[in-house]
Amino acid sequence: MQVYKVYFKIIKSNIIQLMIYVFVFLFLAVILSSTYSDPIKTDFTSAKVNIAFINEDEDSILLNNLKDYLESHVNFIALPHNEKSLQDALFFRQIEYIVRIPKGFTKSFLKSEKVSVNITKVPESTSGIYMDTLINKYLNTARIYIESENDMTEKELIENMNTDLSESAEIVMLNSAVENDTYEKCAYYYNYLSYSLFAILILGVSAVMMVFHNKDLKKRNNCSPLKLKCMNFQMILGNFSFTMVTWILMIASSFILYGSFMFTSKGLLFIMNSFVFTLPALSISYLIGNLIKSKNAMSAVSNVVSLGTCFISGVFVPQAHLGDTVLKLASFTPTYWYVKTNNAIADSIILNTDTLMPLFYNMLIMVGFAVAVLVVTLVIIKQKRGLA
Amino acid sequence: MVISVKNLTKRYGDLVALDHFNLEVGEGEILGLLGPNGSGKTTAINCILSLLKYEKGSIDIYGKPMAPEAYDLKRKIGIIMQNVAVFEELTVYENIDYFCGLYISDKNKRRSLVIEAMDFVGLNDYGKFYPKKLSGGLLRRLNIACGIAHKPDLIILDEPTVAVDPQSRNNILEGIQRLNREGATVIYTSHYMEEVEQICTRIAIMDKGKIIATGNKEELKAMINSGEKITVEIYNPENRILTDVKNLPHIVSAFFHDSFLTVKSERDKNNLMVLIDYLKTRQIAFGKIYSEPPTLNDVFLEITGKELRD
Chain B
1 MQVYKVYFKI
11 IKSNIIQLMI
21 YVFVFLFLAV
31 ILSSTYSDPI
41 KTDFTSAKVN
51 IAFINEDEDS
61 ILLNNLKDYL
71 ESHVNFIALP
81 HNEKSLQDAL
91 FFRQIEYIVR
101 IPKGFTKSFL
111 KSEKVSVNIT
121 KVPESTSGIY
131 MDTLINKYLN
141 TARIYIESEN
151 DMTEKELIEN
161 MNTDLSESAE
171 IVMLNSAVEN
181 DTYEKCAYYY
191 NYLSYSLFAI
201 LILGVSAVMM
211 VFHNKDLKKR
221 NNCSPLKLKC
231 MNFQMILGNF
241 SFTMVTWILM
251 IASSFILYGS
261 FMFTSKGLLF
271 IMNSFVFTLP
281 ALSISYLIGN
291 LIKSKNAMSA
301 VSNVVSLGTC
311 FISGVFVPQA
321 HLGDTVLKLA
331 SFTPTYWYVK
341 TNNAIADSII
351 LNTDTLMPLF
361 YNMLIMVGFA
371 VAVLVVTLVI
381 IKQKRGLA
Chain Z
1 MVISVKNLTK
11 RYGDLVALDH
21 FNLEVGEGEI
31 LGLLGPNGSG
41 KTTAINCILS
51 LLKYEKGSID
61 IYGKPMAPEA
71 YDLKRKIGII
81 MQNVAVFEEL
91 TVYENIDYFC
101 GLYISDKNKR
111 RSLVIEAMDF
121 VGLNDYGKFY
131 PKKLSGGLLR
141 RLNIACGIAH
151 KPDLIILDEP
161 TVAVDPQSRN
171 NILEGIQRLN
181 REGATVIYTS
191 HYMEEVEQIC
201 TRIAIMDKGK
211 IIATGNKEEL
221 KAMINSGEKI
231 TVEIYNPENR
241 ILTDVKNLPH
251 IVSAFFHDSF
261 LTVKSERDKN
271 NLMVLIDYLK
281 TRQIAFGKIY
291 SEPPTLNDVF
301 LEITGKELRD
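Here the protein sequences come in this chain order: B and Z.
Quick note on numbering: my numbering labels position 184 of the first sequence as 184, and the sequence is numbered without any gaps.
Quick note on numbering: my numbering labels position 51 of the second sequence as 51, and the sequence is numbered without any gaps.
For reference, chain Z alone in the conformation it holds in the complex (with noise of 0.2 Å):
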């Protein structure tokens, strides 16, 4: 077990930031924290590593309890924080072997580690500019260089891709899936939960400083009710076809949102077909429609009753 946290409390005077969190991780896993603004997943993070004091609980990481003075633990680990951690006095190169040097002291190997880290994340390019003249995507890049610069066994990235451009955010998805080719263990913290599932090998649902569900994402859609969730674009939106709608087979609830009907299935059937049926015999006149099948967010809705984002 690469992360075994049992237990863990921690509070911010009244609030209860975690409370009793249980997380294991395996080695070779990415393991995506998925969880609203405010669940924990940052503090988690920072207790991990030994950033903030808790009040119960236990850490081990690779066996040995973690500790502020664990040195020989932090040496295998990689931190991408949620902010940019880099100096604005120092060239890409120079954050980068600066951040690499505080784990890596042979001069000639750092220099390669460096121009590894830079070819990695696709700064080459950039090794002498300053961070001032980078933009937002190249700078989040920088910051996942300083932090995997030294190859670490474990790496955890604590929401990368904030505020990042689409061309950037799939070049650091990309990259962190490689890493985890490359033998590393990943822990990666998002509410982006398209990313989570599209990296993650398992996942993890915090809510309220909780641990509320665990698995891939094929196990954690089978632990709701609903199934597939069609939206159709009706012209003429009447209470009269809701009612009609909800009396249809397998259907597990349906809405108006504007103009938008909102039909959810039960778990493993399909609609689909039927509800098209329907709006043809009855004439009624319809526009776009869509299928898709449950998302995380629709997982996260049934077990808390809110949605990732609210």
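If we strip away everything but chain B, and leave its shape as in the complex, we get (with noise of 0.2 Å):
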């Protein structure tokens, strides 16, 4: 194991380049990971609305309740009862919704009779169809009431109509926001770690093979009785190696960072996608090595191609904001299947059959990469060593 034991003497002679990579890939990725936050994705919670409530009638029971009613999802604002205040208010959303209950509605709501509440709205807001919701429900469950009990006094009403609204539905979420956030902060750990993961296994190999392609010592190394077969196997576990070592050490500072949730079952599988990753990254890694033959040219390379990956295949920029035709150029490195893993990892809500095919499948990608370009790799390893 002459070969083994030197591939990992000159990394150890490597080892300050690497480390630089792996201190700076762990301090961005707390700092990053940490203020990272997706700003689509929140938990549940109520918001009030500004709106003018503009009372024109007199002050019922009714309309009163109403008011009572809304103020638990309202915020009221005191404006000017003028039309150019009210709009000024709504063109700047000072407020963003205004009730105007006509003169004489009371009566003729109780009468059955079909009257309207006058509203002015911010188009097409979400707010304004909340507000639609709010009062639609207020009057319908009172005309219900009316339309069904003819002899019940105002008073009654209100009381049966409160009873009714005080109605809620209790809302839970399946995945709590402190475990959606993790899970956000962990995929983008994950997708992150890729980027640093590939620089190293590139500058590590390439530091390695560079040495072993020097002219003067292939030349030796092929004059002695080392098999081709057993030389390409010890170079092939040495990299493994390294590789694992590697990863290890990235994915240990992982369950630092986030502790007990990578023991979940989402957790093991950013680890398992992950371990998938580092088979294509490395064999492109020993491509890399066995073509580029100066130092220069080394963290040139191992610059570009780690960095190009990640910035095609939505390390940096999230996958949803990059265009279709970025996208499809990155389906061709294992660092898109890898990401876009790791997200559907990350937004996945029950692990079934159903979710999981597609992350294997994905998975199953990476390996078919890492095959094909080893593969590759070893025709041009045996095409170099034949003769001139």
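Keep in mind that the hints were calculated from the coordinates and are not lab data.
With a straight-line Cα cutoff of 25 Å, these simulated SDA-like cross-link-like pairs (lysine to any residue) come out:
#1 K128(Z) <-> F212(B)
#2 K219(B) <-> Y12(Z)
#3 K151(Z) <-> D60(Z)
#4 K9(B) <-> N124(Z)
#5 K107(Z) <-> N222(B)
#6 K218(B) <-> I381(B)
#7 K382(B) <-> L73(Z)
#8 K384(B) <-> P65(Z)
#9 K229(B) <-> Y71(Z)
#10 K219(B) <-> A67(Z)
#11 K12(B) <-> T91(Z)
#12 K227(B) <-> P65(Z)
#13 K227(B) <-> E94(Z)
#14 K382(B) <-> Y12(Z)
#15 K64(Z) <-> N221(B)
#16 K9(B) <-> Y130(Z)
#17 K218(B) <-> N83(Z)
#18 K132(Z) <-> L217(B)
#19 K219(B) <-> K151(Z)
#20 K5(B) <-> T91(Z)
#21 K218(B) <-> F129(Z)
#22 K84(B) <-> V122(B)
#23 K384(B) <-> L73(Z)
#24 K12(B) <-> P131(Z)
#25 K121(B) <-> F92(B)
#26 K295(B) <-> H213(B)
#27 K218(B) <-> V164(Z)
#28 K280(Z) <-> Y290(Z)
#29 K48(B) <-> Y138(B)
The following residues of chain B were derived to be distant from chain Z, with all beta-carbon distances above 10 Å:
#30 L26
#31 V30
#32 V49
#33 Y258
#34 K293
#35 A320
Partial chain B-side listing against chain Z, Cβ under 10 Å, derived:
#36 Q2
#37 K5
#38 K9
#39 I10
#40 S13
Quick reminder that beta carbons are idealized off the backbone N, C-alpha and C, glycines included.
Now that you have both chains on their own, put them together as the hints suggest.
This is the structure in structure tokens:
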């Protein structure tokens, strides 16, 4: 195992450069993932809408109760009752909704006559729809009682309505906000891991390959009784061991950052996905290591490949924000499938065969990349070792 | 026969690097492959080691055809390349251990062989040094230690003394002779005729991809017409002197190079006293005077019409 031993001695001589990548990654991963927040997904919280309530009718029990009912859902903004002030307030979003009760509304309503409340709202706003729902709900409930119970007093009507309207549905989120937040951060950490893992593997593997591809050393090794198969085996074993050490180091830090979350099924899927990603990353690094010839090229290629694939695959910018052409191009890199799987893991609510199959399919594609690139690399090695 | 090369032909495009190259190396020999740069020495070695494909010919080592997969043959060969081939990332000890380990798997045996090799090339005090801390001469010695640590039966050295200081050069040459005394057959390529003359039991002179002469140094020198070469410093060189000298008996050639007159005599004839007598009689003022027997360069010059170091 002479080649295997030398492999790690070469890695040891490049350890400072590699450790810089590891520490920069860990530092940035901790900073970025701890400040990361998804602007779209949040837990449920009820919001209060700013509205203007103009009652041109009498202060009836029905209308006062409507106002009380709305009060738990809206903020009443006091404004002058002239049209211009109200329109200005609406335009500048000081208020989002104006309720105007016309004169004689209560009497007509109690007599089951056809009446309506005058509404002015911001067009197509969610708050407008919300307010419509609230007011309709109140008035429809009142109308049902009025039409079904003719001798009901206004007081009894209000009591019955309040009982009905106080009923509320309990909302239970399948994933808590804290859990979701952690999974999002974890997904971000693991997505970002692809950049550092790729860069470190390319640097490490290339550093070793470059030494073994030194013209004189190569010639010297070819003169020895060391068989090509044996040399390739030791080299691949060295590459795999180096990859595993790097991967474990990065995975270990996710356990420190996210603790018990990493022991959940989602956490384990993140780990599994990152392990599968190391295979094509290693294959590509092995190929690059066999092609490049100088240290300068090594750094340049490492940065271009790792950064380039990460940019187009949605590591730094979410895949949802990338164009179709970019994503199509990215689908020819394993990073795309890795990020896609991480995002799917983070987004999944229930893990069952239906949700897991696409994830495993993505992982299979990454394994396919690894095998294909490795085969190409071995062919290149064989051709290079061939005689001049 | 350790090595038998027959009709080896190797081309690089239109250039014929080896032109029906034939070579035989017997057991226990130190064969010097002498030739100017570009004569095909390294190409021949690379073909013998199966590092290069060739168009025609055959190469047998220890009676078996040499091929890239002839691992049993490779196990018997120690190679010291023209360029130093060591790992910058490994210490002197680790480097020798690595190359020795390609041939010897037993750890304990290897340890003693590595120490022996370090001792052999005089690197005992540098075991923990990295190659970049070594001087050019010490680096060459390390290169040799890496090639011979596994105690090969056949050692091939391709210009191992290029850019080496005289002290290291002597150390290397003595080492090669010692290895030969211990039983190794050696092929030594060089364009330094003095080195080849000093250590080789047989010499093959190469030019344009062919062996043009073989034999020991005496046999090679016997092949040419000229013998003793006298060089005299003449303070006032004149054509008259040249004409007179050429007319002296047993003179093959005479010519001026600046103020130095070079006179070559016929084989086995000495003209030093005759020449001195002539200069004294004619009262020609002269300074330094040297007489030297013919060299391999003279052999090469007479056969090819050019100097070895052209």
